[in-house]
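**Student:** Protein chains in written order, with the working numbering: chain V, 3 to 106; chain U, 3 to 106.
Since the hints were derived computationally from the structure, they do not count as laboratory data. One should not assume that every hint holds.
Quick list of in silico lysine to any residue cross-link-like pairs, SDA-like style, CA-CA up to 20 Å [claimed, not checked]:
hint : chain 1 : residue 1 : chain 2 : residue 2
1    : U       : K86       : V       : L66
2    : U       : K73       : U       : Y93
3    : V       : K9        : U       : V15
4    : U       : K9        : V       : R99
5    : V       : K73       : U       : D103
6    : U       : K9        : V       : L66
7    : V       : K73       : U       : E105
2 protein chains.
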Amino acid sequence: MFASTPKPPYYAVIFTSVRSGDSGYAETSERMNELARQQPGFLGIESARGDDGVGITVSYWSDLESIRAWKANAEHRIAQQRGKSEWYSDYVTRVCRVEYDYER
Amino acid sequence: MFASTPKPPYYAVIFTSVRSGDSGYAETSERMNELARQQPGFLGIESARGDDGVGITVSYWSDLESIRAWKANAEHRIAQQRGKSEWYSDYVTRVCRVEYDYER
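Please construct the entire structure, taking both the sequences and the accompanying hints into account.
**Tutor:** In structure tokens form, the structure reads like this:
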């Protein structure tokens, strides 16, 4: 459930979104998760979406270059385009360097 | 709904959790939101929790010192203690520097 991340520094992509459409979303979302896991530098992913349609997905990566390569992935680019036109009324993406972390 | 953050760099605290108890949670959560907004360096907050109990809250701050001061706030420390003993079966906190961001 939680991403099993290494000792910092590593990188996080925070994707906050509001869902507006459903058609084909679940399949593509599952496929993108599967595809992300196969990418170099992928460390893990955490996701939550409430009944109000607001969702936050955080994916973790070993370095910025892996994040750039994933964003440019051809199949992922098609999904990003559909997200923009069909699935999200709004979103923000923030790319961060994790400086320190702690657990329960 | 989305945090209105400035041009990077700024800082993010990603808090991923699993809820286990409810008693007093809503009041404290609302109070902590209100109190956080009054702290120096606070920029905004985004939150989502699904029906499976997994939640992600991201708060945004101007600098690491503001994050440390908020963690050490007396009223917040009591809430953190209750979170640990009553409200969350598990959680991870990650403190990050936002390197770049982009919107829809």
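**Student:** Does each hint fit the structure? Answer for all of them.
**Tutor:** Hints versus structure:
1. Distance check on the hinted pair: K86 (chain U) and L66 (chain V) sit about 33 Å apart at the alpha-carbon level, beyond 20 Å; violated.
2. Taking the CA atoms of K73 (chain U) and Y93 (chain U), the gap is near 15 Å; set against the 20 Å cutoff, the hint holds.
3. Our distance criterion of 20 Å between C-alpha atoms is met by K9 (chain V) and V15 (chain U), whose separation comes to about 16 Å.
4. Distance hint between K9 (chain U) and R99 (chain V) is fulfilled; the C-alpha atoms sit about 16 Å from each other, no more than 20 Å.
5. Only pairs whose Cα atoms come within 20 Å are accepted, and K73 (chain V) paired with D103 (chain U) is accepted, the gap being roughly 13 Å.
6. Taken as a hint, the K9 (chain U) and L66 (chain V) pair is honoured in the structure, with Cα atoms around 18 Å apart against an allowance of 20 Å.
7. Taken as a hint, the K73 (chain V) and E105 (chain U) pair is honoured in the structure, with Cα atoms around 14 Å apart against an allowance of 20 Å.
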